[in-house]
Amino acid sequence: MSSLFEIHGLKSAIEGKEILKGFDLTMQAGEVHAIMGPNGTGKSTLASSIMGHPKYEVTEGKVLLEGEDVLEMGVDERARAGLFLAMQYPSEITGVTNADFLRSAINARRGEGNEISLIKFVRLMEAKMKELDMNPEFMHRYLNEGFSGGEKKRNEILQMMMLEPKLVILDEIDSGLDIDALKIVAAGVNAMREPDRSFLIITHYQRLLNYIKPDYVHVMMQGRIVKSGGPELAERLEAEGYDWVKDELGIVDETVGQA
Amino acid sequence: MSTPTTSFGREAAAAIARSKNEPAWLVAWREEAGDLTRTLELPKPEKTPLQRWNLDVQGTHRPGREVAAAADLPAPIASLLGTAADGAVIVQHNSSVIYTKLPEEWKAKGVVLSSLEDAARTHEELVRAHLMTAYERGEHKLSAMHGALWNGGAFLYVPRGVEIEVPVQALLYADDAEATFAPHILVIADANSRVTVVETASSSLGETDATLLHNGAVEVFAKAGAQVRYAAVHHMDSKAIDISYRRAVLENDARIEWIVGDLHEGNTVTDTLSVLKGNGSTSDAKIISVGTGSQRMSLTTRAVHFGRSSESDMITRAVMKDAATAIINGITKIEKGATKADGQQTEKVLMLSPKARGDANPILLIDEDDVKAGHAASVGQVNAEQVHYLMSRGIAKEEAERLIIYGFLDPVVSQIPLESVRELLHRILERKLG
Numbered sequence: 001m002s003s004l005f006e007i008h009g010l011k012s013a014i015e016g017k018e019i020l021k022g023f024d025l026t027m028q029a030g031e032v033h034a035i036m037g038p039n040g041t042g043k044s045t046l047a048s049s050i051m052g053h054p055k056y057e058v059t060e061g062k063v064l065l066e067g068e069d070v071l072e073m074g075v076d077e078r079a080r081a082g083l084f085l086a087m088q089y090p091s092e093i094t095g096v097t098n099a100d101f102l103r104s105a106i107n108a109r110r111g112e113g114n115e116i117s118l119i120k121f122v123r124l125m126e127a128k129m130k131e132l133d134m135n136p137e138f139m140h141r142y143l144n145e146g147f148s149g150g151e152k153k154r155n156e157i158l159q160m161m162m163l164e165p166k167l168v169i170l171d172e173i174d175s176g177l178d179i180d181a182l183k184i185v186a187a188g189v190n191a192m193r194e195p196d197r198s199f200l201i202i203t204h205y206q207r208l209l210n211y212i213k214p215d216y217v218h219v220m221m222q223g224r225i226v227k228s229g230g231p232e233l234a235e236r237l238e239a240e241g242y243d244w245v246k247d248e249l250g251i252v253d254e255t256v257g258q259a
Numbered sequence: 001m002s003t004p005t006t007s008f009g010r011e012a013a014a015a016i017a018r019s020k021n022e023p024a025w026l027v028a029w030r031e032e033a034g035d036l037t038r039t040l041e042l043p044k045p046e047k048t049p050l051q052r053w054n055l056d057v058q059g060t061h062r063p064g065r066e067v068a069a070a071a072d073l074p075a076p077i078a079s080l081l082g083t084a085a086d087g088a089v090i091v092q093h094n095s096s097v098i099y100t101k102l103p104e105e106w107k108a109k110g111v112v113l114s115s116l117e118d119a120a121r122t123h124e125e126l127v128r129a130h131l132m133t134a135y136e137r138g139e140h141k142l143s144a145m146h147g148a149l150w151n152g153g154a155f156l157y158v159p160r161g162v163e164i165e166v167p168v169q170a171l172l173y174a175d176d177a178e179a180t181f182a183p184h185i186l187v188i189a190d191a192n193s194r195v196t197v198v199e200t201a202s203s204s205l206g207e208t209d210a211t212l213l214h215n216g217a218v219e220v221f222a223k224a225g226a227q228v229r230y231a232a233v234h235h236m237d238s239k240a241i242d243i244s245y246r247r248a249v250l251e252n253d254a255r256i257e258w259i260v261g262d263l264h265e266g267n268t269v270t271d272t273l274s275v276l277k278g279n280g281s282t283s284d285a286k287i288i289s290v291g292t293g294s295q296r297m298s299l300t301t302r303a304v305h306f307g308r309s310s311e312s313d314m315i316t317r318a319v320m321k322d323a324a325t326a327i328i329n330g331i332t333k334i335e336k337g338a339t340k341a342d343g344q345q346t347e348k349v350l351m352l353s354p355k356a357r358g359d360a361n362p363i364l365l366i367d368e369d370d371v372k373a374g375h376a377a378s379v380g381q382v383n384a385e386q387v388h389y390l391m392s393r394g395i396a397k398e399e400a401e402r403l404i405i406y407g408f409l410d411p412v413v414s415q416i417p418l419e420s421v422r423e424l425l426h427r428i429l430e431r432k433l434g
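Taken in sequence, the protein lines are chains A and B. Residues in the first sequence are numbered from 1 upward in steps of one, following the UniProt record's numbering. Residues in the second sequence are numbered from 1 upward in steps of one, following the UniProt record's numbering.
These are calculated hints, taken from the structure and not from any lab test. Glycine is no exception: its CB is placed at the ideal position from the N, C-alpha and C atoms. Do not rely on the hints blindly, as some may be mistaken.
As the list claims (entries may be wrong) - Only part of the chain B face toward chain A is listed, based on derived beta-carbon distances under 10 angstroms:
{"id": "1", "residue": "Glu-124"}
{"id": "2", "residue": "Val-379"}
{"id": "3", "residue": "Asn-383"}
{"id": "4", "residue": "Lys-397"}
{"id": "5", "residue": "Leu-403"}
{"id": "6", "residue": "Gly-407"}
{"id": "7", "residue": "Leu-409"}
Kindly generate the complete structure, drawing on both the sequences and the hints.
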């Protein structure tokens with residue numbers, strides 16, 4: 001039996017510049033992994049490359065979800081296979097209401113002839129929005145248009161809750177959130193924790209990990225994981241910063257560099 | 001048979017008017033317009049050479065058959081009307097109005113709805129005081145032709161203080177490409193009244209070599225404190241040419257909302273102008289268009305501010321496909337003395353084909369210092385970032401693009417006041433966008 005999610009030797013470039021330089025990670029079902037690291041070490045590139053953002057070119061490696069290489073799939077197929085990325089900067093789309101968008105997304109997963117009924121959908125969306133303490137008005141607002149930073153993040157979590165993915169990647173979901181919003185978002189994530197669902201949390205700060213307890217913590221530098229440990233690693237990073245990791249590993253410049 | 005413009009003039013205009021038994025004042029008025037057709041030139045919308053268009057068609061007077069009940073309307077018209085028959089309705093079929101319905105309770109309040117031809121007799125004073133004063137016969141050859149030939153049409157008068165909740169529907173329909181199809185809609189909203197008008201122009205010409213010329217006009221007069229919402233959806237065969245001049249004149253604190261789908265299949269010139277005469281008057285214009293095939297379109301929105309603290313907002317959004325061309329002009333003019341006026345405009349074009357063309361020309365003309373004015377214009381393709389975002393939630397590329405394109409037009413679509421017309425709009429969009 002393979003693991004739920006495996007990344008092997010992933011290399012990825014943007015505009016010809018290599019950012020990910022052989023990234024490896026294996027996650028079992030039900031696990032929560034956190035990826036921490038200073039700015040410019042390739043964390044968001046990792047998230048975008050897995051999801052298949054057109055700006056990133058994967059040059060080498062494999063990303064397996066339940067043994068299937070998602071890199072062979074289109075972006076929409078990856079999502080339907082169970083991948084979900086809560087984005088750092090979600091798009092704003094005029095004219096497409098939050099509800100219409102989510103219903104399209106749910107129905108895309110369910111397939112033709114198996115569409116969710118409107119009543120069921122509305123009930124589900126209302127219930128999840130309530131859990132996230134979102135204004136019911138947001139249902140009929142245009143997708144992310146005029147949403148504050150925090151509202152956008154909540155909306156990402158709402159989508160996650162409704163799409164029920166297998167592997168969730170949260171890219172800096174904590175940035176721009178005040179402590180109350182952070183707690184709500186974390187509660188939303190925790191409510192989704194299941195034995196067959198895994199989470200990959202990308203964050204600068206340990207703060208979020210106070211509310212979502214990770215099983216494993218990885219430090220990313222120079223486009224790959226350089227150190228792994230348990231939750232205690234995150235606490236030490238919070239207390240002491242990243243310099244000790246660099247010293248320990250003899251790293252001078254932790255970013256992916258200009259070379 | 002079509003008559004070439006060169007042989008059209010005073011006599012021809014008078015002959016048609018007399019054949020319809022029009023009152024003497026109108027016959028004389030048409031004669032003046034007939035004269036003007038000989039001397040005036042075609043309008044010159046930006047980058048749209050109208051002299052190459054087949055505008056030399058006056059058509060012949062082909063009245064439709066009048067009916068007493070909605071049930072007797074020709075089937076295609078009845079289906080366009082849908083269930084909206086409960087409110088006030090006026091239907092023009094080719095060259096004449098064939099059906100008018102005005103609920104008794106509105107009649108009792110003094111509301112008038114009739115063909116403009118009838119109103120020229122029954123409400124001569126009101127008609128003469130307003131008809132083609134905002135869109136003058138002397139503007140250009142097309143306005144002169146319209147003056148000489150307008151037929152059927154609608155006259156809507158809403159008395160002082162009367163508020164009509166249900167939209168008044170004007171349905172303009174042509175199925176004879178050789179007919180003169182020149183409806184004129186005249187709306188007079190008296191002080192502090194409130195009304196919504198929904199106009200649809202459509203055709204079903206079948207196989208024909210003739211060009212249907214829709215040379216139409218709308219004039220709205222909103223007196224002090226009156227509020228008028230005017231929605232229009234135009235979709236005729238590619239054989240037809242749509243010429244539509246729309247004008248609103250706003251007195252103190254009056255308001256006009258234009259909600260327009262210029263979705264015609266053929267060549268199009270539309271010009272939607274609000275004249276903000278009164279202090280505190282406001283105008284909000286929202287216009288969408290979809291260009292397909294090889295059609296040529298000139299879409300102009302204009303606002304002219306005279307009144308102090310008057311406000312205008314204009315939004316045009318066009319989706320361009322195939323080898324279609326649209327020249328989109330937005331002109332905000334603020335006259336000297338219109339202090340504290342605020343004029344804003346946005347033109348956005350979404351290009352779906354490398355052969356399509358969409359020009360956005362925002363123009364601000366400001367003769368007063370103490371004002372606010374702004375414009376924004378953009379021409380671009382479907383945003384790749386947005387497509388990626390939708391796809392990352394499992395939505396297939398084609399569907400993602402469809403959502404974004406429809407969403408681009410939604411700010412107008414969602415504002416259409418009548419359910420049946422919203423549905424019509426959806427059907428047209430499905431057809432044009434595929």
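Checked hints:
1. Glu-124: The hint is violated - Glu-124/B has no Cβ within 10 angstroms of chain A, the shortest such distance being about 46 angstroms.
2. Val-379: violated, 16 angstroms
3. Asn-383: holds, 7 angstroms
4. Lys-397: holds, 7 angstroms
5. Leu-403: Holds: closest Cβ of chain A sits about 5 angstroms from Leu-403/B, inside 10 angstroms.
6. Gly-407: Nearest chain A Cβ about 3 angstroms off; hint holds.
7. Leu-409: holds, 7 angstroms
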